[in-house]
Amino acid sequence: MITVNHYMLLSAILFAIGTFGVLTRKNAIVIFMCIEVMLNSVNLTFIALSRHVGNMDGQIFVFFVMTVAAAEAAVGLALMIAFFRNRNSIDVDDFNMLKW
Amino acid sequence: MYSNLWLIPFFPLVGSIFNGLFGKRIKNEAVIGGIATGMVFLSFLVAAQNFFKLLGDTEKVHELVIASWISIGNLQINWELLLDPLSAVMIMVVTGVGTLIHLYSIGYMHGEEGYYRFFCYMNLFAFAMLMLVLGGNALVMFIGWEGVGLCSYLLIGYYYEKKSASTAANKAFIVNRIGDFGFLCGLLTLFWALASKGVWTLNFVKIAESGHLLESGGLLITVVTLCFFLGATGKSAQIPLFTWLPDAMEGPTPVSALIHAATMVTAGVYMIGRMNGLFAMAPATMMTIAIVGGLTAFFAATIGLAQNDIKRVLAYSTVSQLGYMFLAMGVGAFSAGIFHLMTHAFFKACLFLGSGSVIHGLHHAYHHAHLHDDPQDMRNMGGLRKKMPITFITFLVSTIAISGIPLFSGFFSKDEILWWSFGSTRGHWMLWVLGAAAAGMTAFYMFRLVFMTFFGEQKTDARAKDHIPESPFTITIPLMVLGLLAVVGGYIGVPAILGGANRFHHFLEPVFGHALELNHIAAHGTHATEYTLMAISVAIAIVGIFIAWVMYVKDPELPAKFVGRFTAAHRVIFNKWYIDELYDFVFVNPCKKIGTFLWRGFDVRVVDGVVNGTAWVIKGLGAGLRYTQSGYLYNYAVAMVVGVVVIIGFYVF
Amino acid sequence: MQAILFYLTAVVAILSAFFVMKCRNPINSALNLVTTFLCLAVFYVMLESPFMAAVQIMVYAGAIMVLIIFVIMLLNLGLTVKTRYTHGLAAGGILSVMVLFVANYFTRAGEATGTGGSVTSELIASYGHTELIGRAMFVDFLLPFEIASILLLVAIVGAVVLSKRKV
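Heads up: the protein sequence lines correspond to chains A, B and C, in order. Note that numbering that gives the first Met the number 0 has the first sequence beginning at 0, numbered continuously upward. Note that numbering that gives the first Met the number 0 has the second sequence beginning at 0, numbered continuously upward. Note that numbering that gives the first Met the number 0 has the third sequence beginning at 0, numbered continuously upward.
The hints are simulated quantities; they were obtained by calculation from the structure and are not laboratory data. Remember, predicted model here, so these are calculated numbers, not experimental data. Where a beta carbon is used, it is the ideal one built from N, C-alpha and C, also for glycine. Treat the hints with care, since some could be wrong.
Said to hold, decoys possible - Below, computed lysine to aspartate or glutamate pairings styled on EDC-like, alpha-carbon distance capped at 20 Å:
{"hint": "1", "chain 1": "C", "residue 1": "Lys21", "chain 2": "A", "residue 2": "Asp92"}
{"hint": "2", "chain 1": "C", "residue 1": "Lys21", "chain 2": "A", "residue 2": "Asp90"}
{"hint": "3", "chain 1": "B", "residue 1": "Lys458", "chain 2": "B", "residue 2": "Glu556"}
{"hint": "4", "chain 1": "B", "residue 1": "Lys385", "chain 2": "B", "residue 2": "Asp460"}
{"hint": "5", "chain 1": "B", "residue 1": "Lys161", "chain 2": "B", "residue 2": "Glu111"}
{"hint": "6", "chain 1": "B", "residue 1": "Lys161", "chain 2": "B", "residue 2": "Asp308"}
{"hint": "7", "chain 1": "B", "residue 1": "Lys59", "chain 2": "B", "residue 2": "Asp83"}
{"hint": "8", "chain 1": "B", "residue 1": "Lys464", "chain 2": "B", "residue 2": "Asp372"}
{"hint": "9", "chain 1": "C", "residue 1": "Lys163", "chain 2": "A", "residue 2": "Glu71"}
Said to hold, decoys possible - Calculated from the model, a selection of chain A residues having no Cβ within reach of chain B, i.e. all distances over 12 Å:
{"hint": "10", "residue": "Asn4"}
{"hint": "11", "residue": "Phe45"}
{"hint": "12", "residue": "His51"}
{"hint": "13", "residue": "Gly53"}
{"hint": "14", "residue": "Asp56"}
{"hint": "15", "residue": "Ala68"}
Work out the full structure, taking the sequences as your base and the hints as a guide.
Here is the structure:
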């Protein structure tokens with residue numbers, strides 16, 4: 000029988016993989032995709048727990064996460080285009096202006 | 000009723016603000032001086048109207064509340080004015096003499112730089128002085144008290160480019176601060192003492208009413224009155240705080256006449272008169288005041304004997320005469336003290352203005368001859384009576400008045416003080432001796448001044464001596480008016496023994512009578528004693544004049560011989576008993592040393608060290624920490640993940 | 000049967016997520032990400048949430064993925080692959096293992112409260128999942144829904160402004 004704990008473990012694994020990608024990759028778009036993986040793992044938790052407690056609120060929350068992710072994708076990718084125009088690269092190693 | 004009382008201080012304030020704001024642009028001296036003089040004259044008119052109304056009124060004490068100022072619990076302090084015979088006399092003196100001196104200044108200050116500034120300060124002074132004398136409670140009075148101190152400072156330092164003037168201004172201000180400290184201590188102690196008896200007030204009328212709550216002759220009242228007296232010594236240049244007044248002569252002569260002779264320096268006397276109920280209850284303080292006053296009169300007179308600067312002689316004479324007033328206050332002769340204050344205002348203002356006229360003339364002559372001699376040194380004068388007849392006559396009249404020759408104003412007031420200091424229940428024959436000796440010396444040095452300035456041969460430089468003019472009419476008119484007052488001013492207070500009614504005394508009765516009666520202060524003695532004393536003091540004065548005549552007219556060689564004989568004594572009094580040097584040694588230099596130590600040792604090392612050290616530590620921390628801000632995104636991401644792990648880990652485990 | 004499906008899908012999901020992180024070429028990462036999204040949609044169906052599965056496929060696998068691939072193509076990133084495409088592997092590995100550990104422990108340590116809510120399998124079967132979502136969305140969460148629409152509008156404007164060459 001598949002319990003909610005299975006889903007929890009699965010989503011924790013996906014979250015950790017996403018984190019690893021965010022921390023180690025240089026390509027900003029891949030980092031972005033890894034963030035999407037993390038978001039999806041959290042969505043899975045929400046839906047699993049929503050079914051577990053018998054309440055629709057978690058699923059509505061997932062809906063909003065998706066909305067925010069879509070907005071984030073639009074703005075984030077636009078940022079990347081703008082950055083690429085300036086630096087001709089989207090390596091985060093080149094994102095070094097955030098300092099004194 | 001007396002509802003227009005507020006106009007009296009208001010007019011000079013308006014004049015001051017007007018000249019201060021627009022005087023620089025107007026540039027027209029007639030307009031500036033005219034407005035300033037006119038404003039003081041307007042307040043003189045209002046003062047006169049109120050004065051005569053009060054004369055005919057049976058009710059003698061009137062209070063006028065203008066606005067509420069401080070209201071805390073039981074304590075209610077208003078902007079309030081108090082008109083009673085004492086303040087009525089004072090406003091007449093201040094506005095009357097003030098008007099004349101303003102008029103005089105129009106001519107005297109002609110062509111000075113900062114003409115408007117002078118009149119702005121003068122009007123401000125008139126405002127502050129009127130607030131002082133009209134103030135209905137101690138706080139309003141204190142505002143005036145501080146205000147006149149400020150104006151005194153500003154006007155002494157009028158020629159601020161001159162080092163000696165700015166130093167003198169600082170000295171006057173700082174010495175006055177010591178006195179103000181005493182005044183404030185007395186005020187707060189009195190407030191506390193009365194409040195502990197359930198009376199929350201600073202109002203003079205209420206203080207007088209509830210003075211009996213305090214133990215008569217007790218420690219508390221003695222401390223309070225001594226503190227007030229310390230304030231008075233600062234403002235009125237008494238021992239030990241008299242050193243600033245002679246230096247204050249650095250200011251323009253009209254300032255010396257108005258502030259440092261006629262009005263401001265008498266504020267201490269007025270203040271004691273205002274609180275006579277409290278002072279009468281403290282015999283120890285009264286005795287201190289009498290002794291200090293007598294000693295000041297005596298010592299200042301000795302210093303006056305040997306000075307050569309015309310204004311300095313007058314300054315020491317002022318200190319000496321103020322000593323007389325304090326002597327009067329100390330022996331309970333309140334009305335005599337105020338009477339002397341008034342007559343002194345007339346003749347001393349006249350003397351100062353006369354000396355100003357002489358200086359003005361000499362300055363003009365030196366300027367004409369392109370010389371740089373000191374126009375204030377009496378050794379350069381002599382024989383001026385023919386050059387400046389009006390100045391001479393008014394000056395002579397005032398000198399006779401100050402010397403105490405019968406029928407002139409100074410005689411009546413001074414004689415009454417001497418009589419009280421001998422015959423009063425609070426008096427003593429030694430006080431009389433001090434006073435009489437001072438009177439003799441006063442007569443001597445004042446006539447020495449007259450003889451050196453106006454008689455004998457002309458010692459002015461030959462190139463300048465034919466160009467000494469008589470002063471213009473704006474200068475001579477005030478001189479004549481004040482000279483006239485110096486003669487007749489005394490007749491309102493002719494004592495009963497000389498067949499007069501002593502109307503002045505009776506006029507002030509409502510203010511002083513109660514305290515005198517309550518504390519059994521009165522002058523006792525037979526008519527024979529009084530006549531004898533009077534004759535002795537007149538004789539001493541005449542002897543003084545005669546010696547001056549012998550030494551400076553009959554045999555001009557005599558003073559030099561005299562100095563040669565008594566070198567040590569002459570040097571001591573010529574150097575003012577070395578009081579300034581003593582104060583420098585005892586107070587000023589140690590203070591400077593402490594200050595230097597605190598500056599070099601404490602401020603530079605400790606305070607600056609702490610501040611600089613803090614900055615240095617922060618700078619070092621910042622220099623170290625800025626490497627954590629690499630600017631790389633993933634470094635921040637790592638930090639964030641570490642934070643999440645730590646926080647959730649802490650929460651879970 | 001359900002367990003087999005779960006484990007199978009889970010393995011596929013983990014592997015595809017791993018390759019998202021691993022692939023040198025961003026296009027390959029993107030295609031693996033599509034696989035991950037599809038696997039998650041399968042889980043949503045298994046959790047009796049067919050509407051969420053549909054939205055997952057349409058929004059994520061459809062819209063967002065198209066956007067990402069479009070940008071990759073636009074920037075021509077496939078050809079500008081650098082020799083070194085990762086950094087800080089050791090630190091990232093340690094941290095992500097710790098994250099896994101903490102997250103797993105966190106989900107297990109607690110006990111879900113308020114279980115046994117009104118939404119049961121029978122209810123979903125009788126009403127249909129879409130209707131239940133619709134009721135919750137447009138009754139209880141109407142205001143957040145409207146706010147989300149404004150958020151999307153702002154995002155559109157922001158994207159346009161940012162990617163324009165000259166404002």
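Evaluation of the provided hints:
Between the alpha carbons of C:Lys21 and A:Asp92 the distance comes to roughly 18 Å, so the proposed pair stays at or under 20 Å and holds. In summary, the hint linking C:Lys21 to A:Asp90 is supported, as the alpha carbons are separated by about 16 Å, within the 20 Å threshold. With a C-alpha separation of about 14 Å, the suggested pair B:Lys458 and B:Glu556 falls inside the 20 Å cut-off, and the hint holds. Distance restraint check for B:Lys385 and B:Asp460: the Cα-Cα separation of roughly 17 Å lies within the 20 Å cut-off, and the hinted pair is therefore satisfied.
Our distance criterion of 20 Å between C-alpha atoms is met by B:Lys161 and B:Glu111, whose separation comes to about 14 Å. For a cut-off of 20 Å, the pair hint linking B:Lys161 to B:Asp308 stands: about 18 Å separates their Cα positions. Annotation: proposed proximity of B:Lys59 to B:Asp83 holds, straight-line Cα distance about 6 Å (limit 20 Å). Proposed proximity of B:Lys464 and B:Asp372 is supported: the alpha carbons are some 12 Å apart, at most 20 Å.
Distance check on the hinted pair: C:Lys163 and A:Glu71 sit about 17 Å apart at the alpha-carbon level, within 20 Å; holds. Under the 12 Å C-beta cut-off, the non-interface status given to A:Asn4 relative to chain B holds; the minimum distance is some 16 Å. In this structure A:Phe45 is separated from chain B by more than 12 Å, as the shortest Cβ-Cβ distance comes to about 18 Å. Distance to chain B confirms A:His51 as a non-interface residue, since its nearest Cβ pair spans about 20 Å, more than 12 Å.
For A:Gly53, the condition that its CB be more than 12 Å from all CB atoms of chain B holds, with the nearest at approximately 26 Å. The Cβ of A:Asp56 lies farther than 12 Å from every Cβ of chain B, with a closest approach of about 23 Å, so its non-interface assignment holds. At roughly 18 Å from the closest C-beta of chain B, the C-beta of A:Ala68 stays outside 12 Å, upholding its exclusion from the interface.
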